[in-house]
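Q: Each chain, letter by letter, is given below.
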Amino acid sequence: MELLSGADMIARFLQDEGVEYIYGYPGGAALHIYDALFRQDKVKHILVRHEQAATHAADGFARASGKPGCVLVTSGPGATNAVTGIATAYMDSIPLVVLCGQVMSHLIGDDAFQETDIVGVTRPIVKHSFSIRHPSEIPEVLKKAFYLAATGRPGPVVVDIPKDMTAPTERYEYVYPKKVKMRSYNPVTRGHTGQIKKAVELMLKAKRPVFYTGGGVVTGKASEGLTDLVKQLGFPITTTLMGIGAYPQSDQQCLGWLGMHGSYESNMAMHHADLIIAIGARFDDRVTNNTSKFCPTAKIIHVDVDPSSISKTVRADVPIVGPSSSVINEMISLVQGKSITSPEALTDWWQQIDTWRADREGKLYEPSKPGEVLKPQEVVEALCRVTRGEAYVTTDVGQHQMFAAQYYKFDKPNRLITSGGLGTMGFGFPAAMGIKQNYPDDDVVCVTGEGSFQMMMQELSTCKQYGVGVKIVNLNNASLGMVRQWQDLNYKSRHAHSYMESLPDFHMLIEAYGFTAITVNTIDELEPALERAFADKHELVFLDVKVDPFEHVYPMQVPLGSMRDMLLSKTERT
Amino acid sequence: MRHIISILMENEPGALSRVVGLFSQRNFNIETLNVAPTEDPSLSRLTVTTVGDDRVIEQITKHLNKLIDVVKLVDLTEGNHIERELMLVKVKALGAARDEVKRTADIFRAQVVDVTPSLYTVQITGDATKLDAFLNAMAPLGILEVARTGVSGIARGDKVLSL
Ligand SMILES: Cc1ncc(C[n+]2csc(CCOP(=O)(O)OP(=O)(O)O)c2C)c(N)n1
Ligand SMILES: [Mg+2]
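Protein chains in written order, with the UniProt record's numbering: chain A, 1 to 574; chain B, 1 to 163.
By construction, these hints were calculated from the structure, which means they are not laboratory data.
Quick caveat: nothing in here was measured; it's all calculated off a predicted structure.
Certain hints may be false.
Stated by the list, open to error - Derived lysine-lysine pairs resembling DSSO-like cross-links, with alpha carbons at most 27 Å apart:
(1) A:181 <-> A:205
(2) A:42 <-> A:197
(3) A:143 <-> B:62
(4) B:130 <-> A:179
(5) A:198 <-> A:231
(6) A:363 <-> A:409
(7) B:102 <-> A:221
(8) A:198 <-> A:299
(9) B:66 <-> A:221
(10) B:130 <-> B:92
(11) A:178 <-> B:66
(12) A:143 <-> B:72
(13) B:62 <-> B:130
(14) A:546 <-> A:570
(15) A:178 <-> A:221
(16) B:102 <-> A:299
(17) B:102 <-> A:181
(18) A:67 <-> A:181
(19) A:179 <-> B:102
(20) A:197 <-> B:62
(21) A:143 <-> A:44
(22) A:181 <-> B:72
(23) A:409 <-> A:67
(24) A:492 <-> A:375
(25) A:143 <-> B:66
(26) A:409 <-> A:221
(27) A:293 <-> B:62
(28) B:62 <-> A:181
(29) A:464 <-> A:546
(30) A:299 <-> A:231
(31) A:492 <-> A:412
(32) B:102 <-> B:72
(33) A:44 <-> A:205
(34) A:67 <-> B:66
(35) B:62 <-> A:198
So that you can see chain B by itself, here it is in the shape it has in the complex:
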């Protein structure tokens, strides 16, 4: 099963490489990875999506917790949560396809954020399945480049991941 694990870690050089290194060292898999500082400049938040059975996920969270730089973590998929990813896509937009790209973008509530005579750059946010669906819809029109941020997430309701 796919899990989204969000980690608060010391904003120190080397901390990120320890987390990433752990995954390769122990043969755990990383699907997406997203990291940025938080409102507290001493902490970064790292969100990783990974796939594994319960035993593997248990090992992943235990080993992450063992890293000295990791302060706290949560497996968001254990409860209700909000999952978002941002994607920028450059698509060919010539002739009839120009309208088709725009229409499809509208259906997905994506925005065209840059234009040239021959292409559109579209921005879209959502969960991973929505972004995948958008890429599928765009594929016949000619995708030139894709930039995805990887999943970021937060728990629904009163639950807060903080110190």
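In isolation and in its complexed conformation, chain A is listed as follows:
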């Protein structure tokens, strides 16, 4: 039997759980825990420069690896600084365990120094939270936290730890709990066979089917199965922003992604489909546009591990509650050996889709001419070429995010790392940092904008401390481009606070941290700069790419319209 203090139990538990990196920032209420981490060397603590960055870094790691990320912050301001990151993870169903120091238990409720009710503050943005009430509970509560974060529909879990729970003087028995059971939590392990059969019958009979798959296929590690199923059936597939890469985008059957800035052919195919096979997607308003005009002729099969996602915004005809992987596997075995009822109809459907595709080919944007200011789209296309489409690409939020998602082609899941649900500016750089530390031999690039980057740029200091060689591509349009786009479209180009006056000299800023910066102005400078940036995997390089501030993201769905109502450029609409 081993006797450990609460703080040592935490350090020990993290080792036993296999946590390699924990991202955090110290402060009074967390100091016993920091001391315990200091006295061991298996779990590596990464000192960020702002707690929000700790949550995004852990979140980035979780998105890339499929394993829970782990964060440690102190009470009060430490914990409240983490809130945006917790909400970001919650909206995208990312497994995260956030350990928060808290004031001593006898002070709780007294407005003690650095006290906030963080369990209360985060209640609507966590999957669950715990408060430690006795040090002996620590191993079991932490096990539950990791279990809850990673299973079922994943999400963030907060553990509130009053300082006296980690006091070095009190020791209790420590045993690593290999398993936990919770009577009130039993995530489904498979879908209803009858419903799956019904779904497959509809699929085989469909004339204009389309797969619409989301982040649930990525977090559910079902992308191989999905690829098999879609290939066997020969149906078109479109994914959500969160589902990008779960099916290889370079494959003919992939129509790209759908929704507000999704591809023309995806949105057209959805609108005209007679069957939508939704897997691990939640019919979010950025996808459906106006739900009352959504896909008027389609029957809907909806597979989701979370029953509350089904029929939340759009009624499902065949609801299936279950994890994407097992449901997909069952579908595959039911489809095997069978053929679709009407191959001619599917051929016609493909002809229609190919016409839509051809309609927009070469018209998506106009590349810059030599000497002219660069188009953001061509920068992303060049980035994709130089990294052979294999990099981990994180983004911030804005036009650059949409361009990154549109013009980088992803053939693997977990490669586009973006804040889809919350749309958190500041996410991209710390997320890239978290990924690079865990995958030092891969290319990790943050595609950002000068607005977003300035929200978390203090992390340059963290990258310096730990030698994190991420690449940063700053699509610098000297404005809050996405806001400006909306103002162009909806406010007669009244640019209220959407431009950035007094931008720093990014070149000097980056050099102040001891890193390399390259400023790119024209097309002939672009590829050499990218090649230079990616030459050394372990060097942080910042590309300040000056791009056209007047560019808009298209297609763009028309507000309150159907899926097919889109602006296609500044002058064309469907």
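Based on these hints, arrange chain B with the ligands on the given structure of chain A.
A: Using the frame of chain A, we list chain B with the ligands on its own:
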């Protein structure tokens, strides 16, 4: 339509705030709320009445079930059930009104449980419509204070809500 949802949940600090928070967070409505421990000290029973169409009620039960602290729940209005609420009312009882209060209480099978020279405190149980009717009857006499427990309910027959 009005629904009565009864929930067995972990008797843990924070559990109640998660349930209540869910309703405000997702814009669901709460008409009444009643919560107390059960015969099993590790479980509380919470009963909530809410109004919504089928789609909303489906979302409410799904989201409640998703809360980690919620062990089991039932929508009592889906089957035959017994619904009760307890109410204490202080009513002015002076002069002729004193008899009138007593008579009305008798008609409703309510009991006078406390008296002063100027008022009666009346206790009444029943479903919400009966309690509303009683309040209507008492209103002209001068209601001074009302305390209602909110609805509690249980299914009729062999059906049992337990682990
Ligand atoms: C934290 C946060 N604040 C505000 C917004 C609203 N917002 C969305 S996009 C955007 C502009 C982003 O500008 P920039 O990072 O330069 O990207 P660009 O659109 O110019 O590519 C803003 C302000 C947001 N998404 N997140
Ligand atoms: Mg910008």
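Q: Checking one constraint from the list: CA of residue 44 (chain A) to CA of residue 205 (chain A), max 27 Å. Satisfied?
A: Status violated; Cα separation ~54 Å.
Q: Between residue 409 (chain A) and residue 67 (chain A), is the straight-line Cα distance small enough, at 27 Å or below?
A: Cα-Cα ~24 Å, so holds.
Q: Would the pair residue 492 (chain A) and residue 375 (chain A) pass a check requiring their Cα atoms to be no farther apart than 27 Å?
A: holds, 23 Å
Q: Quick one, are residue 179 (chain A) and residue 102 (chain B) close enough, alpha carbons at most 27 Å?
A: violated, 63 Å
Q: Verify the proposed pairing of residue 143 (chain A) with residue 72 (chain B), using a straight-line Cα cut of 27 Å.
A: holds, 23 Å
Q: Given the proposed pairing of residue 181 (chain A) with residue 72 (chain B), does the C-alpha separation stay at or below 27 Å?
A: holds, 16 Å
Q: Check the hint pairing residue 102 (chain B) with residue 181 (chain A) against an upper bound of 27 Å on the C-alpha distance.
A: Distance ~56 Å between residue 102 (chain B) and residue 181 (chain A) Cα, so the pair is violated.
Q: Run the distance test for residue 143 (chain A) versus residue 44 (chain A): straight-line Cα separation, threshold 27 Å.
A: With a Cα-Cα distance of about 19 Å, the restraint between residue 143 (chain A) and residue 44 (chain A) holds, given a limit of 27 Å.
Q: Between residue 293 (chain A) and residue 62 (chain B), is the straight-line Cα distance small enough, at 27 Å or below?
A: holds, 26 Å
Q: Holds or violated: residue 363 (chain A) with residue 409 (chain A), Cα cutoff 27 Å?
A: The hint holds at about 18 Å.
Q: Verify the proposed pairing of residue 178 (chain A) with residue 66 (chain B), using a straight-line Cα cut of 27 Å.
A: holds, 24 Å
Q: Does residue 231 (chain A) lie within 27 Å of residue 299 (chain A) when you go C-alpha to C-alpha?
A: Status holds; Cα separation ~21 Å.
The structure shown violates the earlier hints numbered 1, 2, 4, 7, 13, 16, 17, 19, 31, 32, 33.
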